[in-house]
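The hints should help you fit chains Z and C onto chain E, whose structure is shown.
Residue numbers (the working numbering), protein chains in the order written: chain E, 1 to 87; chain Z, 1001 to 1367; chain C, 2001 to 2347.
Derived from the structure by calculation, the hints contain no laboratory data. Model, not experiment: these values are computed from the prediction. There may be inaccurate statements among the hints.
Under 8 Å between C-beta atoms, here's a sample of chain Z residues computed to sit facing chain E [unchecked claim]:
#1 A1011
#2 G1036
#3 T1142
#4 R1153
#5 H1194
#6 T1197
#7 L1223
Glycine is no exception: its CB is placed at the ideal position from the N, C-alpha and C atoms.
So the chains spell out like this:
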Amino acid sequence: MCLGIPGRIVEVRQSEGLPMGVVDFGGVRREVCLSYVADEIKVGDYAIVHVGFAISKVDEAEAKRTFDVLREMSQLDELEWLKDLAP
Amino acid sequence: MKYLSEYRDPAMARALVTEIRRSATRRWVLMEVCGGQTHTIVKQGLDELLGESIEMVHGPGCPVCVTPLEQIDKALALAARPDVIFTSFGDMLRVPGSDCDLLQIRARGGAVRIVYSPLDALELARKNPDKQVVFFAVGFETTAPANAMAVWRARELGVENFSVLVSHVTVPPAMTALLEAPDNRVQGFLAAGHVCTIMGWTEYEPIAAKYRVPIVVTGFEPLDILEGMLLAVRQLEAGRHEVENQYVRAVRRDGNQPAQDLVTRVFELVDRNWRGIGPIPRSGLGIREEFAEFDAERRFALDQIRTAEPTMCRAGDVLRGVLKPFDCPAFGALCTPEHPLGAPMVSSEGACAAYYNYGRFRAGSAV
Amino acid sequence: MTTIVCPTPLTDIARVQLGHGSGGKLSAALVRERFLPHFDNPILAQLGDAAIVEVAGQQLAMSTDTFVVQPLEFPGGNIGSLAVHGTVNDLAMMGARPEWMSAAFVLEEGLPLDVLDRIVQAMAEAARAANVLLVTGDTKVVERGKADGVFINTTGLGKRWPDFAPGPTRAQPGDAVIVSGPIGRHGIAIMSAREGIAFDTELRSDSAALTPLVELLRSRVGDAVHTLRDPTRGGVASALNEIAAASRIGVELDEAVLPVPAPVAAACEMLGFDPLYVANEGVLVAFVAEHQAGAAVQALQRHALGRAATRIGRCVRDHAGLVVLKTGVGGHRVVDMLPGDQLPRIC
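Next up, chain E with everything else stripped away, as it sits in the complex (with noise of 0.2 Å):
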């Protein structure tokens, strides 16, 4: 039950009483309820969106972290299998 899109958050309003919003999804535009992260977000971060609802904000600082955690340990990898290779 877990299709969850990250896009980025490119207009806010309200409809209705209704926090709403525009998300960007790699080129593709939705309307989006931001009502569940409202008090977090702000245009130009970054959300998960399931169907039609923001459920998280992105946190970008942690994703950078991980990720680089990750590329360095497969660059490890990537030297290591040199190293197997040389003569």
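Only chains Z and C this time, still in chain E's reference frame:
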């Protein structure tokens, strides 16, 4: 797409697989709970990359499989009514009830529409005041806040011709039921990342402690799943059994409070009859008395529904030799020729079909 | 533990479903079980995009199609231009130069005449550009509610080029699988028009006549082209499955080189769709003998419609009838035909 595409990097995936193989001193049995995670594993062929290092058992995290049969039958009865426009997420249209499915109801003249958001269903109700619009509110905890909002807004805006047929189930009771089974072989879990986005992970801590299983909150892209597996394997190798968060970019320990609040406001815990598993107490969500007018079960008389459990699991056919293992949709999931059970993951399209066909492919058989 | 029972989808159906029209397994079963037994003849049995008949020593290709698209007008065309392109392409895929077509209209009572005008104008323009004459037609009107605005049925006729006979049964192990352009545009353009999804830059249907591409292939590599198909409903996946089954070969694809435009990929992520199953109306798939594959790709790239032509896979002797994809991270999965339409998922 940012925060999506980079988590599909092939070199980094290979590195994670190498790390997993290096870390595992034996073949651990892991389960990914969520259907979306299974989809990625099958779609990307991750289980093939892992080879013998990990045995992946696919969990019951798919609406197709776990939606109670009686709820499907109620949906079919409502969709067949001439005064009703029945709205649903796409996944549900092909799920069979006791006797047919929503697509067949549509073929017979019922108004059945696919919506992407519960708010779309509400909009439909506002645009069609002369019809009753019913929304099939299915899902795990991830979807409950959206469905709760639809009910909340219906009351706020006074949309009287809107109601929801609720069929929510919650993850922790299902995990517990699996762990309680005497023949359970699962040693570690990848918890459903988006469920935890809403609920946080505190409810998994007692489960990890009681059953001594590591539970890693995991995302949905290949690197997420592989990293989740690595963290689980490291815990198992070290004899730890904690709840750990792989999906840090989206999940916080306490989850999404406003979402939880509205869900608690609109829904309450009820007992649910899980398809194929049977009743699990307090494992589902139902509409509270305060919002009873929006509960399709109370608005429409649905007592005449007769639910007939479908024919026995195919495992029997496999055992009797009527069905070859790779023809059986259950092959390779919870069900193996040694431990035949029904499969939790069935859909004849997408990930699951690909999986079963992959079994066919590995078996070397042609069409 | 109690067994978890698989709710396998029902296949025993007594009525026509929308899925029967989606180009997947249900469609194939409908044709095989309900139509073929009554019309059994060797020409029909070929089940190509067009039928090949012979008149006084000249092979002719004859195709038929009905266009029921909703909405009637969409970014990149309308049901009229689509009708011409679809008809022309079916003939071209069998190695014929399209020359004549018929068009029969079923009009719904209440259709605004200016909508009809735009449809017919687009048809005329498309026919002119494709050098095809509309030589006979018919019009019927049905009551409000019985025809979704307009349905258009066409028949196309063309002369087959000599020494050029692509067909669904001719693909061979070793052949290269080539696609002429980016995939998934038409289906997503339609879906977005229907579902109110907006794009940064508007995503248009790729609807186009493919005859120029076929002519380039023929003149450059001739009979090295074994099979051609335009992957319409059901997408590239369905087309490849049909050919794999008809030719009794396996197909291997490489996910990393599939040309999926970014907006199509993004829309597919949102809806939970796989671009391989999304309809195309201006793309062809070609099975070309390996030694001429490079030349074929270059030939396609010389035309505006084929700029993004690329090799996406090859035919093999193994797993006959199955299409297997090497995934982005290096695993494999089987790309099967869907039973019916691709349904947007939340799971």
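These are the hints, each one checked on the structure:
no.	hint	result
1	A1011	6 Å, holds
2	G1036	4 Å, holds
3	T1142	5 Å, holds
4	R1153	7 Å, holds
5	H1194	4 Å, holds
6	T1197	4 Å, holds
7	L1223	6 Å, holds
In this structure, every one of the numbered hints holds.
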